[in-house]
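There are 2 protein chains.
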Amino acid sequence: MSQRRLGVAVAQVGAVHVSDSRQRTLDRLIALLQEAKSRGADFVVFPELTLATFFPRYWMSQQEAEERYFEHSMPNPNVQALFDEARRLEVGFYLGYAELCPKEGPFNTSILVNKKGQIIGKYRKVHLPGHSDHKLDAPFQHLEKKYFQVGNDTFKVWGVDEVQMGMCLCNDRRWPETWRVMGLQGAEFVALGYNTPSINIHWPEPVHLRMHHHLITLQASAYQNAVWIGAAAKCGVEDGHHMIGGSVIVAPTGEIVAQASTEEDELIYFNADLNLGQPFRDHVFNFAKHRRPEHYQLIVERTGVGASLA
Amino acid sequence: MSQRRLGVAVAQVGAVHVSDSRQRTLDRLIALLQEAKSRGADFVVFPELTLATFFPRYWMSQQEAEERYFEHSMPNPNVQALFDEARRLEVGFYLGYAELCPKEGPFNTSILVNKKGQIIGKYRKVHLPGHSDHKLDAPFQHLEKKYFQVGNDTFKVWGVDEVQMGMCLCNDRRWPETWRVMGLQGAEFVALGYNTPSINIHWPEPVHLRMHHHLITLQASAYQNAVWIGAAAKCGVEDGHHMIGGSVIVAPTGEIVAQASTEEDELIYFNADLNLGQPFRDHVFNFAKHRRPEHYQLIVERTGVGASLA
Numbered sequence: 094m095s096q097r098r099l100g101v102a103v104a105q106v107g108a109v110h111v112s113d114s115r116q117r118t119l120d121r122l123i124a125l126l127q128e129a130k131s132r133g134a135d136f137v138v139f140p141e142l143t144l145a146t147f148f149p150r151y152w153m154s155q156q157e158a159e160e161r162y163f164e165h166s167m168p169n170p171n172v173q174a175l176f177d178e179a180r181r182l183e184v185g186f187y188l189g190y191a192e193l194c195p196k197e198g199p200f201n202t203s204i205l206v207n208k209k210g211q212i213i214g215k216y217r218k219v220h221l222p223g224h225s226d227h228k229l230d231a232p233f234q235h236l237e238k239k240y241f242q243v244g245n246d247t248f249k250v251w252g253v254d255e256v257q258m259g260m261c262l263c264n265d266r267r268w269p270e271t272w273r274v275m276g277l278q279g280a281e282f283v284a285l286g287y288n289t290p291s292i293n294i295h296w297p298e299p300v301h302l303r304m305h306h307h308l309i310t311l312q313a314s315a316y317q318n319a320v321w322i323g324a325a326a327k328c329g330v331e332d333g334h335h336m337i338g339g340s341v342i343v344a345p346t347g348e349i350v351a352q353a354s355t356e357e358d359e360l361i362y363f364n365a366d367l368n369l370g371q372p373f374r375d376h377v378f379n380f381a382k383h384r385r386p387e388h389y390q391l392i393v394e395r396t397g398v399g400a401s402l403a
Numbered sequence: 094m095s096q097r098r099l100g101v102a103v104a105q106v107g108a109v110h111v112s113d114s115r116q117r118t119l120d121r122l123i124a125l126l127q128e129a130k131s132r133g134a135d136f137v138v139f140p141e142l143t144l145a146t147f148f149p150r151y152w153m154s155q156q157e158a159e160e161r162y163f164e165h166s167m168p169n170p171n172v173q174a175l176f177d178e179a180r181r182l183e184v185g186f187y188l189g190y191a192e193l194c195p196k197e198g199p200f201n202t203s204i205l206v207n208k209k210g211q212i213i214g215k216y217r218k219v220h221l222p223g224h225s226d227h228k229l230d231a232p233f234q235h236l237e238k239k240y241f242q243v244g245n246d247t248f249k250v251w252g253v254d255e256v257q258m259g260m261c262l263c264n265d266r267r268w269p270e271t272w273r274v275m276g277l278q279g280a281e282f283v284a285l286g287y288n289t290p291s292i293n294i295h296w297p298e299p300v301h302l303r304m305h306h307h308l309i310t311l312q313a314s315a316y317q318n319a320v321w322i323g324a325a326a327k328c329g330v331e332d333g334h335h336m337i338g339g340s341v342i343v344a345p346t347g348e349i350v351a352q353a354s355t356e357e358d359e360l361i362y363f364n365a366d367l368n369l370g371q372p373f374r375d376h377v378f379n380f381a382k383h384r385r386p387e388h389y390q391l392i393v394e395r396t397g398v399g400a401s402l403a
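Chains P and U, in that order, are what the protein sequence lines are. Using the numbering used here, the letters of the first sequence correspond one by one to residues 94 to 403. Using the numbering used here, the letters of the second sequence correspond one by one to residues 94 to 403.
Next comes chain P alone, as it looks inside the complex:
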């Protein structure tokens, strides 16, 4: 079998505080990009909402959020240096940011950029977690359902420098539908960025489970769809609010082949064999041969839990 490889780098990003300047943040991302190139990377995964603090933890007006934390276009002068450096280094990347789009609504968005610095694909987060009301008794908010609208398109796969790439964002990773829709389009690599608070504000969930759930869903999803996954955290303590790290590269075997060991800016790398998933696609997960959509109808017929079919 011919060798098809992708040098995958995941750029974990530590805390970005409210007071941090865009220039300071951009310098950190560019440093990670340069380190990625020096290791042999073809592609770098940055986190969700990379360019600012994870602002959905704060209650504010929509107008204030949009003025402070949203990008009005992409690229724009405040991120151009990252695009320029990526093009110079000939490295593609995935980047998450808050997208202002007056016609369709504000979105939690990610993009795929090729080695020429061109935006090839855009994804708007489908599975927005949290709430839209002000929870006065919570230690912090999780207002993604307030500041963002649900993505107006499904999960897609794009050819980026000859690799079939999909993308999703944070909470999307917990939903097997996310991965299957991309698997059915022949994804070979999926980029994912996330901001995951270590404390669950909805019930007293043991903190260690947050990392456990992150890892088991990625491992199972990589295996079940025979895809490589690069998952980048924004993590550490942002203005007193802790988020998990655990950035990983997961193989189509479901094995973690690289994992960040800090909660700071950290670059992990793996030289990924894109053919590793092929025997899975040919045999155990030969979808055409083994899937039975006639028995899966409930997945699209129902949204919530309903009566038993028995």
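Just to be clear, a hint being listed does not mean it is correct.
The list that follows gives simulated cross-link-like pairs (lysine-lysine, DSS-like), each with its CA atoms no further than 30 Å apart [what the hints assert, rightly or not]:
| no. | chain 1 | residue 1 | chain 2 | residue 2 |
| --- | --- | --- | --- | --- |
| 1 | P | K249 | P | K238 |
| 2 | U | K382 | P | K215 |
| 3 | P | K196 | U | K228 |
| 4 | U | K382 | P | K228 |
| 5 | U | K196 | U | K238 |
| 6 | U | K228 | P | K382 |
| 7 | P | K239 | P | K215 |
| 8 | U | K239 | P | K382 |
| 9 | P | K382 | U | K208 |
Hints in this document: simulated from the structure, not taken from any laboratory. Fair warning: this is a prediction, and the values are worked out from it, not measured in the lab.
Following the hints, complete the assembly by docking chain U onto the known chain P.
Just chain U, lined up with the frame of chain P:
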């Protein structure tokens, strides 16, 4: 929150050789049932195709297979003692067997039996692995696609002694659709039996991955649907053919709370809190609030991999 508990036992069954008598096998199952009761079990999970050797590894005529390995009715005189003992002990159970059904076709089947010894539900395996041709160069066969027809109904959930129970078989566990269809019917507990050869006859897959894939898919699926899972292996070396053990009980947190440590007859037990999944169903996996079926259409529109939607 009121306490609702289910004493879950998983009865792993070691090798059942071609030469073993039904009486010998039944005695082993009854001993496991009695041990389960002594630990406090309300329900016992037995494996897939529990009553005989894993015969799809052998090439033979359909007639020979049906005469040697299929049950012509359930219960029947050759298994009645298991039903009788379960009713006497007031323990429900799940059992996998080869079902002869001349009208609809032979199936790889499982049943749910309540504490009164009544069959409450029947499931016929949907995701048949393997092949139907005779692979002369393989070390053994995997002829489920020859001896069985694809199940003619979807995954369901039944009320068994006041617990909402679903069931599936072996290879079904690798497919997230299996679990989601049951999750959408409010399953609280899912029983699974399996026979998993440690050697993959289709390509030289590292043997350790067979156990890895078994565990990560169960852990992720339990979490993603907030269900308890009881998974029972038939395992060990049957007439020279090795199958993995690894029978487990998995909590809705995705944590393994009990795991078999042998490849022989072995009983594992856990006193399962049926409310443990409730905060997951109320928040992170509140399906009605967070699922977006409008973006999942591809899951039922396509069987195999197709073109990108981008």
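Here's how the hints hold up against the structure:
1. K249/P / K238/P: With a Cα-Cα distance of about 22 Å, the restraint between K249/P and K238/P holds, given a limit of 30 Å.
2. K382/U / K215/P: Satisfied, since the Cα-Cα distance of roughly 25 Å is no more than 30 Å.
3. K196/P / K228/U: violated, 59 Å
4. K382/U / K228/P: holds, 17 Å
5. K196/U / K238/U: Distance ~18 Å between K196/U and K238/U Cα, so the pair holds.
6. K228/U / K382/P: The hint holds at about 17 Å.
7. K239/P / K215/P: holds, 21 Å
8. K239/U / K382/P: holds, 14 Å
9. K382/P / K208/U: Violated: K382/P and K208/U sit about 39 Å apart, past 30 Å.
Of the numbered hints listed earlier, those contradicted by the structure are 3 and 9.
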